[in-house]
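Engineer: Now for the letters of each chain:
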Amino acid sequence: MTATDVPLQLTKKEFTSDQEVRWCPGCGDYAILAAVQSLMPEFHRPPHEVVFVSGIGCSSRFPYYMDTYGFHTIHGRAPAIATGLAAARPDLDVWVITGDGDALSIGGNHFIHALRRNVNLKILLFNNQIYGLTKGQYSPTSEVGKVTKSTPFGSVDHPFNPVSLALGAEATFVARSLDVDRPHLTDVLRRAYEHKGTAFVEIYQNCNIFNDGAFDLVTSRDSKGDYQIRLEHGKPIRFGNDGERGVIMSREGHCEVVDVADVGEDRLLIHDEYADSPTLAFALSRLAQGPSQATPIGIFRDVTRSSYVEEVTRQLEDAQTKGRGDLSKLLAGADSWRVE
Amino acid sequence: MTATDVPLQLTKKEFTSDQEVRWCPGCGDYAILAAVQSLMPEFHRPPHEVVFVSGIGCSSRFPYYMDTYGFHTIHGRAPAIATGLAAARPDLDVWVITGDGDALSIGGNHFIHALRRNVNLKILLFNNQIYGLTKGQYSPTSEVGKVTKSTPFGSVDHPFNPVSLALGAEATFVARSLDVDRPHLTDVLRRAYEHKGTAFVEIYQNCNIFNDGAFDLVTSRDSKGDYQIRLEHGKPIRFGNDGERGVIMSREGHCEVVDVADVGEDRLLIHDEYADSPTLAFALSRLAQGPSQATPIGIFRDVTRSSYVEEVTRQLEDAQTKGRGDLSKLLAGADSWRVE
Amino acid sequence: MTTTTGHKVVAELDRVVIRFAGDSGDGMQLTGDRFTSATAAFGNDLATLPDYPAEIRAPAGSLAGVSGFQIHVADHDIMTPGDAPDVLVAMNPAALRTNIKDLRPGGTLLVNEDAFTGRNVEKAGFAANPLDDGSLEPYHVFRLALTSMSVRAVEGLPISKKEAERCKNVFALGLMSWMYGRPTEGTEAWIRGKFAKKPDIMEANLRAFHAGWNFGETTEVFANQYVVRPQQAAPGHYRNISGNVALAYGLIAASELSGLPLFLGSYPITPASDILHELSKYKNFGVRTFQAEDEIAAIGAALGASFGGALGVTTTSGPGVALKGETISLAVSVELPLVIVNIQRGGPSTGLPTKTEQSDLLQALYGRHGESPVPIVAALSPSHCFDAAVEAARIATKYRTPVFLLSDGYLANGAEPWKLPEVADLPDLRVEFATGPNHGEDFWPFLRDPQTLARPWAVPGTPGLEHRIGGLEKADGSGNISYDPANHQLMCELRAAKIAGIADDIPLLEVDDPSGEADVLVLGWGSTWGSIRAAIRRLRKDGQQIAQAHLMYLNPFPRNLGEVLSRYDRVLVPEMNLGQLVKVIRSEFLIDAQGLNKIQGKPFTVAEIAAKLEEMAK
Amino acid sequence: MTTTTGHKVVAELDRVVIRFAGDSGDGMQLTGDRFTSATAAFGNDLATLPDYPAEIRAPAGSLAGVSGFQIHVADHDIMTPGDAPDVLVAMNPAALRTNIKDLRPGGTLLVNEDAFTGRNVEKAGFAANPLDDGSLEPYHVFRLALTSMSVRAVEGLPISKKEAERCKNVFALGLMSWMYGRPTEGTEAWIRGKFAKKPDIMEANLRAFHAGWNFGETTEVFANQYVVRPQQAAPGHYRNISGNVALAYGLIAASELSGLPLFLGSYPITPASDILHELSKYKNFGVRTFQAEDEIAAIGAALGASFGGALGVTTTSGPGVALKGETISLAVSVELPLVIVNIQRGGPSTGLPTKTEQSDLLQALYGRHGESPVPIVAALSPSHCFDAAVEAARIATKYRTPVFLLSDGYLANGAEPWKLPEVADLPDLRVEFATGPNHGEDFWPFLRDPQTLARPWAVPGTPGLEHRIGGLEKADGSGNISYDPANHQLMCELRAAKIAGIADDIPLLEVDDPSGEADVLVLGWGSTWGSIRAAIRRLRKDGQQIAQAHLMYLNPFPRNLGEVLSRYDRVLVPEMNLGQLVKVIRSEFLIDAQGLNKIQGKPFTVAEIAAKLEEMAK
Ligand SMILES: Cc1ncc(C[n+]2csc(CCOP(=O)(O)OP(=O)(O)O)c2C)c(N)n1
Ligand SMILES: Cc1ncc(C[n+]2csc(CCOP(=O)(O)OP(=O)(O)O)c2C)c(N)n1
Ligand code: SF4
Ligand code: SF4
Ligand SMILES: [Mg+2]
Ligand SMILES: [Mg+2]
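Protein chains in written order, with our numbering: chain A, 1 to 340; chain B, 1 to 340; chain C, 1 to 618; chain D, 1 to 618.
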């Protein structure tokens, strides 16, 4: 943050570029863009200190629409490129925008390494469970049996659960939200921003052209009561239109969905975003293997661990306080001689 | 398996190639090689139906020493290459040999995708927490603060826990064993062989040149009583020289190490390799963030899920029983015409 | 020739170029495809050029969202989709704006005037409505209320207004089908099949199609109907085919002809994805398609499958090839068959992903570390993709080597009639796997066939041939790891000689120089074939003598290439890049070949090449 | 000249080539390095050639495990580590077997006879003990019990037998130091430093070192001591330096000179890893080193850092470059500075990972999709890696482009004395970032400097210059995404012209042709410089006139290259590959340049080049 007493006053307009937005009408990407543009002023960071880095995909067009610095890179490599930027420039806010193909298919390795390193990046994964830009092949988050252009007989690969994968990859901040739930998305993004280190947010995003309605159970007015589990720190985990369902941890070590009436509220798990171990978060992530079951949204995990960039910067500062390097001395080394 | 009534009788010699073994004297790789060579005859598969595929690294030299088919490929790509082989040739036994750098650094993406697809591969990861072949840089499993050639001020990246990562990547079979514990290693490898789908075995392997003693706490006679948790299906999870310590699942949803005397044996977790959900396995994997704490070894998870290769083969067979394609008809299509 | 049927005049044309242009949402590609099929069924020669935006669906009515489809219809054999349209169908102002400059003066323009609302006119960047400001005077303009006529045509059906409006492309298709006398049964059948599950929509489309036809037939708007007679093609069995489908079929054919199961490892990328889509349908041919996590895994899996005795193939475009270099180098080193298909598109980087280009030739030749020679085959027309694929597979399997098969966005999506080969006439691609020892009691995986220099292909599962291969240098013969200096040189030279020797196994380059009097040779490769050929024909009609030779084999070159080049005073090499083949020709033959270079995401027009040749003649 | 001191005869030599060879575990590289430092400190000219196996540690005593280190010591300026050793120190039978063929007849052979046990003799593949079978007659053989003498020398110290035996290399070092009159203080200090934490081992090594020296001095075994006088070098400040260290220092210097913080993204790979190791020490220079998960992330991070205003660098070898192609193409497209260092090794694939080669030149030129030109700078000697690195960084930052910096395994590990530059004399590399609008009120990220054609470098954090870049084609000037056909051609041509224009900003090629009468020009690039130079010198002594020119810039070429080439009847291009530069030269200048190609994992010997030139003279 710039060191001024009065925080910088900004508006959404200052984060909106002059480029025409080019997604299909009705695409969930619009809502996410609007949420981000509206939220940015809250951070009081001038647009020139913010960078959006993306890969390739419909979602990765995002940076063009933000009036910040931006880099639309190549498929899957955004976390790697952003890592270099963030490491070289700890003073910037660096956001990564990616898709389920971009982050989890071709970019899977950079993604998991960014998480384990805990680089100061905010990674927003627009998960539409499909390859949008290349016109509708199945993705690593598509459900088994999906019929697409490349799988006319139905896909046979078991999908990733992005939240589970992130937790397995030592992520310090993991959350899930929805394109259509602006307040929830905004809250989650705010928390991601506040997190030091890599913050990962999976956003269920509707691709109305190639995978319309993929998240309807979780997002639609009719069913979301039964299918949306809103995680709230310190609160018992319950859901249903009247909170009649709840989640417990069995003695065998698994999360189970129960009727609260059957077990009593006391047995319900209390959500703990800050738990040192990712075990609870992982257990919760397994509740929904795809959106056909009740699906937790919100912040699964938010813990503090030294961040890669912080540590690198510290080592650099340490070394330099001990004395900044002298080029002549370096070149001469310890074993030089003179010829007169 | 070849369709004979009497299983094929084989010996270790038939799996031992004529190539001179070229690891440093004292390297843990020798013990793993011996274990594999000795175990192979048990499967009654003739050597020509077995293929070892590896990447690059000290460990990846392994295939040269097996008198089976072998492919020493390129750095990190063994799971991808082996996937193609296994998918094209479901009749073969395909093993992947890899290192912590090979599988988790450059090859991380292929690794996690092989796991989620559940290809019929046995992946043995020789984890020595170092890059051996390139002479001692830190790896993605090296502990924070590791001083190596590339990190003279100590590494700052938080490592992967290979078991957690594999579980987060939807693995169906996940185990850990030790180069120095031949019976345990043999048992685990046998189970890996029997598993349908991708079986992943992390093997702690001592690199006596660049990372000597990394696993001493878990492997040495003096300390292993306190530091080794041997997982056994259906048994309470306890360890210590007299089984005085145990593992429970707390109500908050985390594994904890306790004194059995304090909580009573009844409260101990019963290990369940076959649990549908990977939650328990994941929780157990978090007990040891590196070998400085009590570390579970054995089989974390072994569940059945349809394997990629099985499903692909089924689709192919289905299509062909409906009628094998006719090339002339294909070329002519539905819309052809004749000029006389 | 002009005849009159009923109240309409039927004018006979020898060729016409029609372009459909509209919003991405307007279904122009479908319309064009359908018109193409009807044209093919009618027996014309044809060539097509689809042109669609990189955006999935840019905002409706925007310039970025314009999608076009051009078709060249003729009664004689043609090579290109035509330089400029004679007829333009513009479904909205943006389509008009981006396409009108290509319409030849005096050309026919059909516009959907319903779409010329103030908002759309503005979005297209017009200051005023172009229908009213006189700017279209050079053209023969028909203002048609396509949308409202479509809506009226489907009135009464239980479909939404939007759905009704969507029928306008089929209305236009009906009108154009009438105008050019295209058969209607195929289109009707197609509509029935496509909307089989939505009977109301099916009915709406059928009605709109007929309404369009009838509008032409019955109203007074159009005085003329045109006929382009069927081509006097050679007798045979024909179909219409696009490059990517032909390429996919070529791979299936190669699999059938070789007896090797086809394994495709691929990661989707424009304009190559359709090959993956196409091949994934043919499980009945034993085709395995693997949608990999990335391009590296895709080629890796293909190579693994080859190791296992399959016909391993990977399909991609330039950025994907850039990722595969390390694995290609491994394939060179382990000497396994592999077909690497590059459907080239505009670069560098993401470049112009939906546009065509030929800028990956040098990458195919040299885009790897170490001395790692790879044969290259390039397709020269949509249907030729079939032959090129069969040939690439033949070389790969016979010589145990990765082979590049180059196509491009223009060939991939363009279509033309194809005279079907007889399956019995296709080449024999059978391969022999190693079955036993080849060196005394031992099996030596790198003991070469003295003729082809190919090594034995011993597939896992073969008893007694257990062996290990890898990317480290191997001893000649035994294949054991070898760090011996002289052996490395020998192996590098052997690998090079093996590829160079393929020149003995490919046809000599044919030169088209009927008079034998040409001074200038035009040497091309890949998809420029049609434009070059058409340009030379045109000039020959004017009495100019120009020779043409076109390379299907880029590495190695045909044996007689040097001799061919030496016969001409000047050599012109047109390429859709900044000069790649020309570099190699100059180096190899030390002749001052000159490039003609266009790098605009679209093919050469005939006029561009003809103009250059005329300039050279001066 | 021969003098006698005490009972020993001191013979004066103008040059000597010594090779240490032993098991990987015998510490030959350390011994060689130390001998080199002492030689440098003494003031000789020198050049070194380490040669170690790809195995970490192949089985003790095996042929695969032999590790060698050759040093050429001279009183005059030399260019190569010497074709063949005059003196061979062989620590075991395997070392003898793999190296003896290189020793010149009459050369001196010191063997550690303790190691010639039956088992070791057999492992080395000798039928009988070569010390006894007369096969070593052509040489002047000294059989020395190096192991037992070392063990005796350290008797009484509380160290294990194994540790005592390990001192044999230091014993040999002491002996050789005596024989060639190398100063001892440096070595003693080095032993003290190296074993500071293990005083007993330190003491043992010191004793063994002295015992070796004394053994030479006091016993009757050696009649001769030799002296190679210090070189009459130009006055100045010198140090000994290897190529990889020089390269690392060059990058640090570039960072200091430009004021841009250095960011290295790298993934370990032989023979490039040492640059990562070296740079990771210099956090006091603000150097950030990032050991990435793979080569793609490494270059990606470097490019991200460049976007942020750092000097982004990535270091690797050929297989790594093969993975970076897509990102290099992105860097070309977004026009950001980036230095890509390739320490070439033997290919294809994993090839000969510890051996040298020059087979990645064409990859550097063309190893990407699309038209994506990249400047190339190549180092020609170990110390020249410093200059080449500074120059690569200068071009990258000034022209906003990725630049290839090519070195190879031979330069990387070889060492030579280096006359230190004065920091004040180093070039000014300061760069100006964009600070404000450049197009009216707007900032246009692709509005070029008319002189250099470089675009402005506007780093995040600069108020008012917010902009987006990416790999899609950009409109000239504004940098907005553009699918316009003509703009694409313009941009491709502008990117090409920018790189071509660098020719105006690099020195003309110098030709070494003192008499001006040569007919033959030897044109080289990279690390062949020393061998070529030495060969030409040798022939000149014999009265032959041969010209030499050596390219440091491979893209673009110096402006006068064509003119230079045209002056000679014949042009010979020696390369450690199958002919890469020669391809480009032929293409560009249409001259019949011929290659001399060696691809054996080791540099040309002087004799090989001289022989070829003599053959050409016939
Ligand atoms: C190296 C490379 N491979 C493939 C592609 C083609 N491609 C572009 S985006 C994409 C996948 C897009 O899916 P996703 O990341 O889920 O993004 P979405 O479009 O759904 O937002 C693919 C395969 C490419 N541009 N570059
Ligand atoms: C593309 C590529 N990058 C880098 C290397 C260099 N390299 C070879 S093995 C290796 C890492 C080895 O570590 P690990 O996988 O842990 O195996 P280990 O040697 O420890 O068994 C590296 C970096 C390479 N061979 N290829
Ligand atoms: S294809 Fe799908 S994800 Fe892409 S812009 Fe359209 S609706 Fe959105
Ligand atoms: S370096 Fe380490 S891992 Fe490699 S062979 Fe030697 S001891 Fe084993
Ligand atoms: Mg997606
Ligand atoms: Mg390792």
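Hints are not guaranteed to be accurate.
Calculated cross-link-like contacts (lysine to any residue; reagent style SDA-like; alpha-carbon spacing at most 25 Å) [what the hints assert, rightly or not]:
#, chain 1, residue 1, chain 2, residue 2
1, C, 612, D, 588
2, B, 135, B, 216
3, A, 146, B, 311
No lab work stands behind these hints, which were simulated from the structure alone.
Note that the structure is predicted; figures quoted are calculated from it, not measured.
Engineer: Now tell me if each hint is right for this structure.
Structural biologist: Now for the hints, and whether the structure bears them out:
The suggested pairing of residue 612 of chain C with residue 588 of chain D holds, with an alpha-carbon distance near 23 Å, which does not exceed 25 Å. Our distance criterion of 25 Å between C-alpha atoms is met by residue 135 of chain B and residue 216 of chain B, whose separation comes to about 21 Å. A hinted pair counts as satisfied when its Cα atoms are at most 25 Å apart, and residue 146 of chain A with residue 311 of chain B qualifies at roughly 13 Å.
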